[in-house]
Amino acid sequence: MSVERENDHWLVRPRTIRWLWIAFSAVLALVVILQFGIKVKGYFGIDGWLGFGAVFGFLCCVGMVLMAKGLGQFLKREENFYDD
Amino acid sequence: MTEVLPPALILLTAAMLIGLTRGHFRSAIVLLSPLVTLWAVWQVPDGVSMTVDFIGYQLEPVEGSALRRLFAMIFSLMTFVGGLYAFRHASALELAVSYAYAASALGVAFAGDLITLFIFWEAMAIFSTAVVWCGGTPMAGRAGKRYAIMHVIGGVILMVGIAGVTVHTGSIEIHAMRAVDISSWMILVGLLINAAAPPVSAWLSDAYPEATSTGAVFLSAFTTKTAVLALILLFPGEPVLIGIGIYMIFYGIIYALLENDARRILAYSIVNQVGFMVCAIGIGTQLALNGAAAHAFAHIIYKGLLFMSAGVVLYRTGKRKCTDLGGLFRTMPLTCVCGIIGALSISSFPLTSGFTTKALISEAALAEGLAVIYFLLAAASAGVFLHAGIKFPWFVFFQKDSGLRPKDAPWNMALAMVLFALICIGLGVFPQPFYALLPYPVEYDAYALGKVLFYLQLLLFSGLAFFLLLPAMKRTLTITLDTDWLWRICLRLLANTLLVTMTAANEAFSRSTWPRFDTMRTWARRHWGDQGVFARSWTIGTTAIWISVLLSGYVLLYYI
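Protein chains in written order, with numbering that gives the first Met the number 0: chain A, 0 to 83; chain B, 0 to 559.
Treat the hints with care, since some could be wrong.
Pairwise CB distance ranges (calculated) [stated by the list, open to error]:
1. Leu-49(A) <-> Trp-184(B): 26 to 34 Å
2. Thr-482(B) <-> Trp-18(A): 23 to 31 Å
3. Trp-486(B) <-> Ser-24(A): 29 to 37 Å
4. Leu-8(B) <-> Asn-79(A): 55 to 63 Å
5. Ile-424(B) <-> Val-54(A): 41 to 49 Å
6. Leu-414(B) <-> Gly-69(A): 19 to 27 Å
7. Ala-65(B) <-> Leu-33(A): 36 to 44 Å
Far from chain A, by Cβ distances over 12 Å, these chain B residues were calculated [claimed, not checked]:
8. Tyr-254
9. Ser-361
10. Ser-380
11. Phe-453
12. Thr-500
13. Val-554
Restricting the straight-line Cα-Cα distance to at most 20 Å, the calculated cross-link-like pairs of lysine to aspartate or glutamate (EDC-like) are [unchecked claim]:
14. Lys-144(B) <-> Glu-121(B)
15. Lys-318(B) <-> Glu-442(B)
16. Lys-144(B) <-> Glu-367(B)
17. Lys-40(A) <-> Asp-481(B)
18. Lys-450(B) <-> Glu-367(B)
19. Lys-320(B) <-> Glu-77(A)
20. Lys-75(A) <-> Asp-483(B)
21. Lys-473(B) <-> Glu-77(A)
22. Lys-318(B) <-> Glu-78(A)
23. Lys-450(B) <-> Asp-46(A)
24. Lys-38(A) <-> Asp-407(B)
25. Lys-318(B) <-> Asp-7(A)
26. Lys-473(B) <-> Asp-400(B)
27. Lys-320(B) <-> Glu-78(A)
28. Lys-75(A) <-> Glu-121(B)
29. Lys-75(A) <-> Glu-442(B)
30. Lys-320(B) <-> Asp-407(B)
31. Lys-144(B) <-> Asp-82(A)
32. Lys-399(B) <-> Asp-481(B)
33. Lys-318(B) <-> Glu-77(A)
34. Lys-406(B) <-> Asp-481(B)
35. Lys-473(B) <-> Asp-323(B)
36. Lys-406(B) <-> Glu-78(A)
37. Lys-68(A) <-> Asp-407(B)
38. Lys-320(B) <-> Asp-82(A)
39. Lys-40(A) <-> Asp-407(B)
40. Lys-40(A) <-> Asp-444(B)
To be clear, the hints were calculated from the coordinates, so they are not data collected in a lab. Glycine included, each C-beta is placed from N, C-alpha and C at the ideal position.
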């Protein structure tokens, strides 16, 4: 750990970031566990399953990022592509 | 017949005065005129309150309804906060054209007939182009030209449609219709071009980011949202809009994910958000139209807020690319927090305005039993959090330490951002008073616990996906091809090819065919050339002899 890193803003210190990850994971677990106490109404059946929102949200994002990556292979160009 | 002061006229007068005045007097006009306009908007009663005769038609420049007042209200509010944000930094010209642009949008909001709508529609195109040009760079100049051409084409299509509908029905009234014949289709297409619908969505992300830091705030608010209002008035429940809306939603997400320019990310997310509204208009039930109107209202505020926050960054650092930015939270805490509030609102995070308005649209899909649309909208909510909710603040304010240590926002920009941030949270925490302003009665509880939990799961796990996929989202110094390639590259190539071909053909023709006419040319030159018998000048004597010969011949012939 370089001294410089420790002198940086508290928010970007590795210790803080580790704590943020722990807190974030706890919140993620909490919103799924809460479903035991709070009923999520399933309008179309599967959307009432335990953790459906979590899995659906996660998978959709992975899908969209991968799709963007894939399209990017074909559609990305140099910044000055249109310069004339 | 006039019963009210047209709100558009107030703002248009203000725009002219901004150009004529300076100093504190101008600042007073910039800050007070939108408030007077807002007051005038509230005075507009339901129904037609002003008529003007024009080439045999009775125009209705001011027609009020709850829906029109809602849009006019947010347009005025946006002008006030945008004016507050801009008045110390923007040029008088930019302020004047921005206000004229806002006035035109108000004109559309209250237009009671198709001709008035068209006039203000075109005024909006002109003034918004001027706002883009105020960007002042060669890039802004070229982008503004492309923007103007696109909107002129849209305007012509709209005009032809309006003329067709007027001839068919004999009426210029604005009323709900379906795209059934060529005229109504042309109106629909004309409106959709302004809504940045496919295949021409590219005009938006091409032009808006080239405006100044203040100009983009105004641009983000009016053109697409007046198109949404016009669609609600003219094509509620038009089924084709559902598909178009869904396409726009995902187009916005994918392109924003690929983009490196922070302001272009926000521009793509305008297309994405307008997609939600267009889809809702396609569903067309009262709940859905309420959702579209409410979402447009909330959207103008949080999108304005996001553009303001990106604008402060651009103003302070002169940079707008994610690769150049990062770590700005250290010295720009207020801009950062306001940006995050805007980002959470656009992602429809609970307790923000996006949550209470977008939920109406999802609920409408649910009520109609549109399962696929409902799940696509949910997936899109996750995607919005990904591309705008986290990506924008993360890459601009956190990410890495770019070494930049700019000052935070100037006081007026800070105040404008804080105002909008408070409204974002206010609409999220207390939705009921806002629901009461919507065109149809609302009986909806956005904060049913099950729903909140569902969206928290959806959004928080999208956040997890973002941070896990961060390596895959490393920003590159690239742009992404769009349909504008067709007119920026393909059309120019075609034109160049045509030019080269025509030149070559012309040369070949001169070489091969001209010699055949050589005999004819020599003969013609001999007789009519400068020394030819028919062209050379004669002496007066010769002329006199010939005249006497001809005259004698004439006299002789006369007596025969």
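Tell me if the straight-line CA distance from Lys-450(B) to Asp-46(A) falls inside 20 Å. holds, 11 Å
Between the alpha carbons of Lys-75(A) and Glu-121(B), is the straight-line distance 20 Å or under? violated, 34 Å
Holds or violated: Lys-318(B) with Glu-442(B), Cα cutoff 20 Å? violated, 46 Å
Interface exclusion of Thr-500(B) relative to chain A, criterion Cβ beyond 12 Å: holds, 21 Å
If you draw a straight line from the CA of Lys-399(B) to the CA of Asp-481(B), is it 20 Å or shorter? violated, 29 Å
Agreement of Lys-40(A) and Asp-407(B) with the hint, judged by alpha carbon distance not exceeding 20 Å: Violated - the C-alpha atoms of Asp-407(B) and Lys-40(A) are around 45 Å apart, more than 20 Å.
Holds or violated: Lys-320(B) to Glu-78(A), with C-alpha atoms at most 20 Å apart: Given that 20 Å is the threshold and the Cα spacing comes to 11 Å, the pair holds.
Given the proposed pairing of Lys-320(B) with Asp-407(B), does the C-alpha separation stay at or below 20 Å? The hint holds at about 18 Å.
Whether the CB-CB distance between Leu-49(A) and Trp-184(B) falls inside 26 to 34 Å: violated, 47 Å
Against the 20 Å threshold, does the CA-CA distance of Lys-406(B) and Asp-481(B) hold or violate the hint? violated, 36 Å
Under the criterion that the straight-line Cα-Cα distance not exceed 20 Å, is the pair Lys-450(B), Glu-367(B) satisfied? holds, 18 Å
Does the structure keep Lys-38(A) and Asp-407(B) at a Cα separation of 20 Å or less? Between Lys-38(A) and Asp-407(B) the Cα gap is close to 44 Å, so the pair fails against 20 Å, i.e. violated.
Against the hints set out earlier in the document, violations occur for numbers 1, 2, 3, 4, 5, 6, 8, 9, 10, 11, 15, 16, 17, 24, 25, 28, 29, 32, 34, 36, 37, 39.
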